[in-house]
Structures are given as C-alpha cells and as structure tokens.
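Undergrad: Listed in order, the protein sequences are those of chains S and F.
With the UniProt record's numbering, the residue at position 390 of the first sequence is 390, and numbering never jumps.
With the UniProt record's numbering, the residue at position 331 of the second sequence is 331, and numbering never jumps.
Hints in this document: simulated from the structure, not taken from any laboratory.
Hints may contain errors.
Stated by the list, open to error - Residues from chain S that face chain F, not an exhaustive set, calculated with beta carbons under 10 Å:
#, residue
1, Glu140
2, Lys144
3, Met361
4, Lys396
5, Tyr400
6, Ile536
7, Ser537
Note that beta-carbon positions come from the ideal geometry of N, C-alpha and C, so glycine has one too.
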Amino acid sequence: MAATRCSDFGDLVQIKKQLISIIAQCKERGLVHSVKWASELAFSLDPLPLNEIPPPPELTEEDAQDLDALCLAKSYFDLKEYDRAAYFLRGCRSQKAYFLYMYSRYLSGEKKKDDETVDSLGPLEKGQVRNEALRELRVELSKKHSAGELDGFALYLYGVVLRKLDLLKEAVEIFVAATHALPLHWGSWLELCNLITNIEMLKSLSLPDCWVRDFFMAHMYTELQMIKEALQKYQSLMEAGFAKSSYIISQIAVAYHNIRDIDQALYLFNELREQDPFRIENMDTFSNLLYVRSMKPELSYLAHNLVEIDKYRVETCCVIGNYYSLRSQHEKAALYFQRALKLNPRCLGAWTLMGHEYMEMKNTSAAIQAYRHAIEVNKRDYRAWYGLGQTYEILKMPFYSLYYYRKAHQLRPNDSRMLVALGECYEKLSQQLEAKKCYWRAYSVGDVERMALLKLAKLHEQLNESDDAAQCYIIYIQDIFSCGEQLEHAEVSTALRYLGQYYFKNKLYDEASLCAQRCCDYNDAREEGKALLRQISAVREQGEPSSTDLSLPCVFNPLSNNTTPVRRVSPLDLSSVTP
Amino acid sequence: MNLDRLRKRVRHYIDQQQYQSALFWADKIASLSHEDPQDIYWLAQCLYLTAQYHRASHALRSRKLDKLYGACQYLAARCHYAAKEYQQALDILDMEEAASKKLLDKNLKEENGSREIVKDWEMSPASINSSICLLRGKIYDAMDNRPLATSSYKEALKLDVYCFEAFDLLTSHHMLTAQEEKDFLDSLPLSQQCTEEEVELLHFLFENKLKKYNKPSEMVVPDIVNGLQDNLDVVVSLAERHYYNCDFKMCYSLTSMVMVKDPFHANCLPVHIGTLVELSKANELFYLSHKLVDLYPSNPVSWFAVGCYYLMVGHKNEHARRYLSKATTLERTYGPAWIAYGHSFAVESEHDQAMAAYFTAAQLMKGCHLPMLYIGLEYGLTNNPKLAEHFFSQALSIAPEDPFVIHEVAVVAFQNGDYKTSEKLFLDAMEKIKAIGNEVTVDKWEPLLNNLGHVCRKLKKYEQALEYHRQALVLIPQNASTYSAIGYVHSLKGDFESAIDYFHTALGLKRDDTFSVTMLGHCIEMYISDSDAYIGTDIKDKVRKTLNTPALMKMLNTSADGNESRAQPVEEVNVCIETPSFNADKQTDAFQRFLLECDMHESDMMLETSMSDTST
Numbered sequence: 001m002a003a004t005r006c007s008d009f010g011d012l013v014q015i016k017k018q019l020i021s022i023i024a025q026c027k028e029r030g031l032v033h034s035v036k037w038a039s040e041l042a043f044s045l046d047p048l049p050l051n052e053i054p055p056p057p058e059l060t061e062e063d064a065q066d067l068d069a070l071c072l073a074k075s076y077f078d079l080k081e082y083d084r085a086a087y088f089l090r091g092c093r094s095q096k097a098y099f100l101y102m103y104s105r106y107l108s109g110e111k112k113k114d115d116e117t118v119d120s121l122g123p124l125e126k127g128q129v130r131n132e133a134l135r136e137l138r139v140e141l142s143k144k145h146s147a148g149e150l151d152g153f154a155l156y157l158y159g160v161v162l163r164k165l166d167l168l169k170e171a172v173e174i175f176v177a178a179t180h181a182l183p184l185h186w187g188s189w190l191e192l193c194n195l196i197t198n199i200e201m202l203k204s205l206s207l208p209d210c211w212v213r214d215f216f217m218a219h220m221y222t223e224l225q226m227i228k229e230a231l232q233k234y235q236s237l238m239e240a241g242f243a244k245s246s247y248i249i250s251q252i253a254v255a256y257h258n259i260r261d262i263d264q265a266l267y268l269f270n271e272l273r274e275q276d277p278f279r280i281e282n283m284d285t286f287s288n289l290l291y292v293r294s295m296k297p298e299l300s301y302l303a304h305n306l307v308e309i310d311k312y313r314v315e316t317c318c319v320i321g322n323y324y325s326l327r328s329q330h331e332k333a334a335l336y337f338q339r340a341l342k343l344n345p346r347c348l349g350a351w352t353l354m355g356h357e358y359m360e361m362k363n364t365s366a367a368i369q370a371y372r373h374a375i376e377v378n379k380r381d382y383r384a385w386y387g388l389g390q391t392y393e394i395l396k397m398p399f400y401s402l403y404y405y406r407k408a409h410q411l412r413p414n415d416s417r418m419l420v421a422l423g424e425c426y427e428k429l430s431q432q433l434e435a436k437k438c439y440w441r442a443y444s445v446g447d448v449e450r451m452a453l454l455k456l457a458k459l460h461e462q463l464n465e466s467d468d469a470a471q472c473y474i475i476y477i478q479d480i481f482s483c484g485e486q487l488e489h490a491e492v493s494t495a496l497r498y499l500g501q502y503y504f505k506n507k508l509y510d511e512a513s514l515c516a517q518r519c520c521d522y523n524d525a526r527e528e529g530k531a532l533l534r535q536i537s538a539v540r541e542q543g544e545p546s547s548t549d550l551s552l553p554c555v556f557n558p559l560s561n562n563t564t565p566v567r568r569v570s571p572l573d574l575s576s577v578t579p
Numbered sequence: 001m002n003l004d005r006l007r008k009r010v011r012h013y014i015d016q017q018q019y020q021s022a023l024f025w026a027d028k029i030a031s032l033s034h035e036d037p038q039d040i041y042w043l044a045q046c047l048y049l050t051a052q053y054h055r056a057s058h059a060l061r062s063r064k065l066d067k068l069y070g071a072c073q074y075l076a077a078r079c080h081y082a083a084k085e086y087q088q089a090l091d092i093l094d095m096e097e098a099a100s101k102k103l104l105d106k107n108l109k110e111e112n113g114s115r116e117i118v119k120d121w122e123m124s125p126a127s128i129n130s131s132i133c134l135l136r137g138k139i140y141d142a143m144d145n146r147p148l149a150t151s152s153y154k155e156a157l158k159l160d161v162y163c164f165e166a167f168d169l170l171t172s173h174h175m176l177t178a179q180e181e182k183d184f185l186d187s188l189p190l191s192q193q194c195t196e197e198e199v200e201l202l203h204f205l206f207e208n209k210l211k212k213y214n215k216p217s218e219m220v221v222p223d224i225v226n227g228l229q230d231n232l233d234v235v236v237s238l239a240e241r242h243y244y245n246c247d248f249k250m251c252y253s254l255t256s257m258v259m260v261k262d263p264f265h266a267n268c269l270p271v272h273i274g275t276l277v278e279l280s281k282a283n284e285l286f287y288l289s290h291k292l293v294d295l296y297p298s299n300p301v302s303w304f305a306v307g308c309y310y311l312m313v314g315h316k317n318e319h320a321r322r323y324l325s326k327a328t329t330l331e332r333t334y335g336p337a338w339i340a341y342g343h344s345f346a347v348e349s350e351h352d353q354a355m356a357a358y359f360t361a362a363q364l365m366k367g368c369h370l371p372m373l374y375i376g377l378e379y380g381l382t383n384n385p386k387l388a389e390h391f392f393s394q395a396l397s398i399a400p401e402d403p404f405v406i407h408e409v410a411v412v413a414f415q416n417g418d419y420k421t422s423e424k425l426f427l428d429a430m431e432k433i434k435a436i437g438n439e440v441t442v443d444k445w446e447p448l449l450n451n452l453g454h455v456c457r458k459l460k461k462y463e464q465a466l467e468y469h470r471q472a473l474v475l476i477p478q479n480a481s482t483y484s485a486i487g488y489v490h491s492l493k494g495d496f497e498s499a500i501d502y503f504h505t506a507l508g509l510k511r512d513d514t515f516s517v518t519m520l521g522h523c524i525e526m527y528i529s530d531s532d533a534y535i536g537t538d539i540k541d542k543v544r545k546t547l548n549t550p551a552l553m554k555m556l557n558t559s560a561d562g563n564e565s566r567a568q569p570v571e572e573v574n575v576c577i578e579t580p581s582f583n584a585d586k587q588t589d590a591f592q593r594f595l596l597e598c599d600m601h602e603s604d605m606m607l608e609t610s611m612s613d614t615s616t
C-alpha cells in the first residue's frame, strides 16, 4: 500500500491503477459501496492500455489454504446467508477470510435486527432493537487490535462496530488508523465523516497524505456547511482530471443545495440526470429543491420516473413522500417516508422529512421521535434540530425549544431562520434584550423571510422604545420596497401606520402625512390612514404657530374620538400578528 | 475338589457383573471350604453386590468376622450404610475402635505368619483403614455431622493419598476454606506413599480441584504431566478457571468441547450449566436439562439444570423453586441448588426467604464465601448495613481476595458516606482483577467501573470519574444509567452542553428515567441562561447606514439622525439567581438517585455473582 501515497494528482494513471486494485480487494470482501465509489471514480478516468493494467495481487500460503472455504463462504455471503458463511470461515487464518468471517457475523446481527424490527414494531421503535452480535465482535476485535493483528479492512469493521455501540471517541481513533492502513478504502473515510462534528475536531486528526484525502476534505466541508471551501475543493478536483465524475457533480449539487443556491443546484441535478438517467442516489435532495420551488410537474415527473426504475428504494420513497407533501396529502407522504425508513432505518433525510409531516399533522410526539432519530443518525442535521425546536415551541416548552434552536443555529450560524426562532423564544421567556440581539443579528446576516426587522420593531414598540421601533420599521419598509416584488405576508401597512403615528407624535407632519397617504394604499390600514390625515390637517390648521405647544395631547383629546380606538386597536393587531 | 478354580470363577463373574452366578458359586464354595473366612467374605461381597445388604451383614456378623477382619468390618458397615442404617453402621465401625483393633492386628500378624491369607485378600491394612475412615466420613455426612465427617475424610486421605473420593468429598462440599485446603494438601504425606513422579502428578491433579473462585488466577500445567492437557478433567478445571475469571465465551467453548467428547461428563455439567445461564443460551439449556432429566432423574444436577432454566427465562420463579427444591430433596447437601433457590426469591425481592435459603447453603458449604456474600447483599438491600457489613467481613475472612466481596464492602462504605475507604476498596478490587489480565475487559465489571466513577464524583475528582464511566461504557455500551451518570458529572463541572447531550442519550435509551428528565430540564435552563444569545461576531452597524430607497428617500433622510440612538444590547443578562436553589435541588436529587443506583448496582452485582456458584 506504500505506492498509494501520492498527494498530487499529476499521475492519473497511477491513481487509476490504485483504484482498480482497491476495487478488486473490496469486491472480494463484499464491501459493495466502496466498490461502487471507486468504480464510479475509475470510470470517469481514461481507460488504461493493456500493459498498464495491474496484475491481481499475489496469494500467500494462508490465502491458498483458505481459498476454497473463502469461495464457499463468499457465495453464501452473497446469498445473504451470513451465519452459514461465518460457520465455514471460522477456522481460517488469512486476513481476508478473517475479515469476511467477522463481517458476516456483523451483517448477520444487523440482518436479524432489521428483521426483528420489521416483524414487530413500526419504524418509530427502531432504536429499541439491538444487534446482539456487536458486543462479542467488539471484544474479539479489541483483543486482536491490541495484538496489532488487524489489517485496514478489519480496522474499518472494528470502527463500525464501535460506532454502532456509540463508542464514538474510540471509533474515530480506529477509523483514522484504518485510513492510514488503507487510504484507498472510501468506506473508512465516509464513516469518519459521520463522526466528525466540527472543524476543530477535523483539524486535530492526523490523516494520511493521499489523494483520497482531498475527496474526504471536500465531503467534510460540505457536511460541515463550509460550502465555499467545499466548492473550492471540488473545483480543484475537477481541474485535476475528475471532471467527468458523476460523484463530484452530485456532491457539488448537494453543496449548492445546502447554501440554498437553488438555481445552481437544480441546474447541476438536471445535468446529472442527463449523464446518468437511472441514478437514484441524491434524487431525494433534488426533490427537496423541487419542493422548495413548488415545481409540481417536475417533481411529479421525477417521482414517476424513479418509480419506474425502482420503487423500493429509500430515495424513491422520499421523492414520492415529497410529492405528496407538496400536494398537501400529508398522511400519504408520511406513509412513504415510513416505507423509506423500513427499507433503511439509517436514512437521515427520511427521518427529518417524516418529522415535518408529523408536524403538519399536528402529531408532536411522533414528530419529536422522528427528529430525534434523525439526530441520532447524523448530529449535524440542522433541519432536525430546528424541527425539534418548533415542536417544543408548540408544546410550550420554551427552554427546550431554545436549546434546540441554538443547536440548529450552531450548525448554521448565518441562517436567519434559526436566529428569528431564537429571538421568538427569548421573547417568550421575556428576555427582551437577547431577543433584540437575535433579531438584529438575523437581519444582519441576511434575512430570508424578512420577518426579523418587523419582529424587532414590534418588540421595541412593546418596550416603548419608539425611536428604535420607528428606525426598524423604516429599514423594513426600505427592504421590502427595494426587493421590488410584493411579498404576500409583508406587513408594510403596519409599519407605515406606526411610522405615521410616530412622526405625528414627534410633530414631523410632512413625514407623517406621507406615511398616512401610503397607508391608504392598503386595505387594512386605509381607515387609519385617513384618520391620521384628518388629524394632521386639523393640527396644522389650528396649531401652525404653536407647533411646540405642550398641550398638544390635550388638543388631540377631543379629536381623538375616532383615533383612540384605532390606536387601541393597533397593539392588539400587533399581538395577534406575533406568532 | 479344586476350590481355587471355582474361586477364580466367582471373581470372574463379579468382574463380568454376573452377580447371581457369582453368588451361587460363592455360596457353594463357602460350604465346601467349611466356612473359610475369606470365602464368607466373598459371599457377603456377592450379596452386597446383589443389594441384599442385610443378608450380607448377617453372613459376616453371625460369624463374628467383622470383629476379626478389617475388610469384613468394612463390608458389614458398608452394607448398613447402603441400607441407610447409619447408626448401626457406625456401631460396627466404632466397635472395632475399642476392643478388637489390637485383636485384629494380632490376628493379622498371626495369620501373616501362618498362612498367606492376607496377601490373598489383596488389600493392605492402610487401604482398608482408609476405606473405613472414608466410610465413617460418609456416614457422618449422612448424619449431618459435618465436622466429624471432615476429620474422617482427612484421615482417610492421610492413610491413602490416592483416595480421591475423600478428597473430592472434602472439596466439592466446600468443607474447608481455601487456605485450609491448601494447608491440608501440603500436609499430605505424598512423598512417603508414592514415587517422585507421582508426587508431582498427584499434587497437580489435586491442586486443580482446589477452590478457584476465591480469587482470579491462571492455570499452569507442569511439563511432567504433559499428556494430561487433553484429559477432560483437566480441561474442565481450565474451563472453571475461565468461568471464575468471567471469560464465559472461552469457558463455553471448552465445556461444549468436553460435552461433545463425553456428553454427560459429571464434573463438566455444573460448569456447563453455569455458562449457559451466563450466556443466556436458553434453548440449549432447555434441551440439555431435558436430556438430563430423562437419563438421570435421580441426580440432583438434572433438576438443578431445570431450575436454572426457569430462573433464567424469567417470570417463572415458581417453577424454578419447585425443581430446585426437588434437587435439594434428592441430595440435601447439594449447595448450588440452595443458592439458586435463594436467588429465585432474591429476584422477587423476597429478602427473608432468600436469606433463609442462603443460610442453609452457608451451613452446608462451610468453606464457601458465596452464601455469606449473598446474605450480606440481602441485608444491604433491606437497609441493614451493619449486618451486611458483618456478613461481608465473614465472607472476606473465607476468601480475602475475592474482588466481588471487596466490591460489595466498598458499596457499603459508600452508602455510609465513607467515600475515601470506598474508593480504596474499589481500587483494591480493580487491582485484583487486573492481576489476571493487563486490562479489565470482562463486562461483569462494568458496575465496578461505574461505582468508581460515582465515588470519584463524590470526591470531586470529576475527570477521573468521567474516565471511569467512559471505561464502563466500553464494557457495556448503550447503558442509560452510565450515560446519565456522565451527564451528571458534566453538569457538576458546569459543562451543561455536554451534560444535556448525555442526558438526551440516556433518555433516548430509557425514556422514563425521572432523574435524567429533571436534570435535563435544569441543565437546559442553566445552559440557556449562561450562554450568548447567538454565535458569531457582531456585525450590526455595517448594514445600518446603507439606507437608500428611492421610494421613501425623502422620508428617511429626515429621520436619519435618529439612528444612532438605538440601544446597543451590551449587557449580558445572567440569570444566576437561580443557581443556589438549583444546586440544592441537585444535591437532593443526586442523593436519592444515588441510593437508587446503588441498589440497582447491587442487585446487578448480585445477579452477576449469583451464577458464579453454579459450578461450585
């Protein structure tokens, strides 16, 4: 494996050779996903001439001895008769046979676990059934490990076992060792990806210097929501000669999806589908994008197309679920997400989406469980954390929801939705200062829903900080107008109404009348606008000379017969708007 | 008439187990030889073998042979023993003691001189005496006189070091403590009675049978007995060692190998049953006990197996008790069944009844510390730490190096609030376990690690506590109580974020854990109140000043000067008023929980240790 260590991409031929040899090795061990990854990558590179194709690895004495048992066991393994495979491998001594032996035992446990869950419980109870083989495997592997007898593949398996047992710290160490022992095995890297929770942790690991590492880093950046770095990495990988790799294209599309650059992502996904029309992976992400854009026909086309290809795939079920969800058939959607989870209980997206569906159906406890499962699968799924926050908000447990929103916020510090949610929670806990900070921050990082300022303004209004409130309304109105299009939920009228009153109080009658006039453009504020205009003209008529008159409020009193109710109404209005 | 030919024929028939034919011819020979004592002896022997005990005894005693010949005396007593007439058997043996011994000796000498009869009888006086001692021991045993039985067995063994039965009865009934056993073995006159090579062989074989469970240890097979490695008895003894070191997997592979070679190897059965219970292989135990009951209905071990099966499958304690009591009625001295009987009550929290059973076991197995340990545990569970301590110290005096006992003593110290001692003891136990391997890898010891974690937490050594809990987690992953303990330590350290994480995990595994729920609530509040509102650097005024919208330009320009007045939220609102009260809450909570947990751990430990006796 010493030959595999080359960090630059200059020698694509060398890389291709390495890929070919690792494909063969993984194939022998039944590591199908790593085989797929490596093959996809190898496919994107130019074919090798005949004399360059690497010869199959030489067999050792032990390998030769175990050959027949291995062959027999592998055939049972491929037929999913794992116990049987393990039985025939139990006496073998070669590394390959040992790995397959342990791996069959592991898979046997997993299979039994999955069968058990399908038999007895709904997918929500998934966590209750455990793989019984894990503990034994851990003990045996740890003995072998401390004796230093594990090769790269066995280390990988050991790591997987540790991760399944929630011994994450140990698992990370083992996976790092596995990548050192066998840098080309993508499985170890991928497992490592799932265990790294933040950038500091990533930096603290000493990883082997190999070209695969660049793929890993790019993947990692995508996962850690460091999209800029990820895109950069992928760009350099494409320039280095992997431009045709569908893996990279899909990863870039996912990255764009993560930063909500929907157009780019959609474009890339469409391209991906052209290149690889029967691809099912990542199509759930694609469908999320279509969902966000409410592109019903496209989503429907995608769903039908995928059903034709393979209807019992997790991704297919997710796409169909999204489709039904877009059509507001939430029961059906939940059904499909459930089916996805039955197919693969470790499918992250389905758990989160199912949580959303349960939320739609107002089934909070089920939603909480679904979100929790999502977090168990992947701690970095901010949507699940956010969903948990929302659920607890509905359950009126503000501390909990604050905690979960904060988790989501940690994962995406520059996402205004989390900040607004945080602000709302602080408001509920009557910690106005914190709430104000959050709203302002939400506005500063670029508010997608344009709600932060409005909420901030209302908060100021409640606290009788009229200057600040007015300021916020001003910026809000600016914002709304500058973006050109008229947003449906925009509360420009509320802002104008308040501003009108504010200027009026401060005797800035020109501004006040301007606001009042604008108020009349909106149905719900028209009357108030008119009333204000009347007031202004009345004041102007009688009080031109005495603009600094202290008795101004008194003067208003007789006139305010019709304004006071309005003004009384407005705070009520506000409160009804605040969710 | 040549009687010798007929005599040979009788022996031949006895060897062939054709006792009726042997009896017929022995009878005829006795008459033909005019009641030669030796022929009478053989006649009696044949009668004994055909289970006609009283006739045999009468044949000997009516001719007063029992007073003249040791062999006849022995046989006569044995007949009465077989007929369960213990007092009479004892009388026969005691009679010799006073008067006839000298006579017998004289007689033997005389006969030695005159005829070579003794040589023909093919028994040395030492072996006869040893047999007599052994028989006496068995009679005492049957009459529930343990101390006399013990001394008789010892004497038998001293007279004949090869007398395995005496040795076996001594060890398997736990009549001596480990130390006594060792001293006794050293005091045996091995060198006088056997050759040098045999000394080593005997020493090795006997040592193998000695107590192994009072402290973890390893077995070394000396070179001289190289061929014995594959002897099933030796393998079983090796398996037992693995069993006591809690390496059940290894033990299981050994015992199942033995069971393949010899399906009902008597010594192996208890170990095998114990391992099956430990590994919860219910199906196998079910099948095994069925076969045993069919084949050996009168052997207590069969019913013990059935009882263990019911004990293991849970919720069948009633059945378990029924079969275990059957085992004890078959053989009252069958200690393991008594202990298992106690366990069947213990799991139902029937402490008094459990203790009664354990007490019986304690009487039967003087040299075994396990009954003491369990009695101590039961006292501990019934809130009687004083008595518990008393029994633990008794257990300790029998087995001073058993980590299980040390662990329990430490738990008691912990409950008494004596954390320093408790820590020392826990570490002591740990040391003992580490003595066998370099590291603690057996999941039996997870409670020990967790308890060490608790003690360290009490002593405010939080880092160490975390480390211990982490190790416990390696042994038994996904354990809710370990997770909440870790969460608790984190919360005491003020690291609420991690604490919340761990409480969440704990609740994920065990949803209705009240401690975790309350702690989680507290921690979240604490966490929220002492952290920033959001993450990231402040970038507030950057956006503020870019105000230019054509539509509202005029309006805004006029009011632009008001901008700066916006209050900057500088102050951190720290809600620390809550803290003290919260701490108090925590303390009480923790205390209550701690008690609970101790209980839990104890019962854990109890269940764990519970099975380690099945093979004693």
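Undergrad: Identify whether the interface hint at Ser537(S) stands, where standing means a beta carbon of chain F within less than 10 Å of its own.
TA: violated (18 Å)
Undergrad: Regarding the hint that Lys396(S) lies at the interface with chain F, is the smallest CB-CB distance below 10 Å?
TA: violated (14 Å)
Undergrad: Does Ile536(S) pass the interface check with chain F, least Cβ-Cβ distance below 10 Å?
TA: violated (14 Å)
Undergrad: At a threshold of 10 Å, is the proposed contact between Glu140(S) and chain F supported by beta-carbon distances?
TA: Interface hint status for Glu140(S): holds (9 Å vs cutoff 10 Å).
Undergrad: Verify the interface restraint on Tyr400(S): the C-beta must sit less than 10 Å from at least one C-beta of chain F.
TA: holds (6 Å)
Undergrad: Under 10 Å, Cβ to Cβ, is where Lys144(S) needs to be relative to chain F, so tell me if that hint holds or is violated.
TA: violated (12 Å)
Undergrad: For the hint on Met361(S), just tell me whether its beta-carbon gets within less than 10 Å of chain F.
TA: violated (22 Å)
Violation of the numbered hints given earlier is confined to hints 2, 3, 4, 6, 7; the remaining hints are satisfied by the structure.
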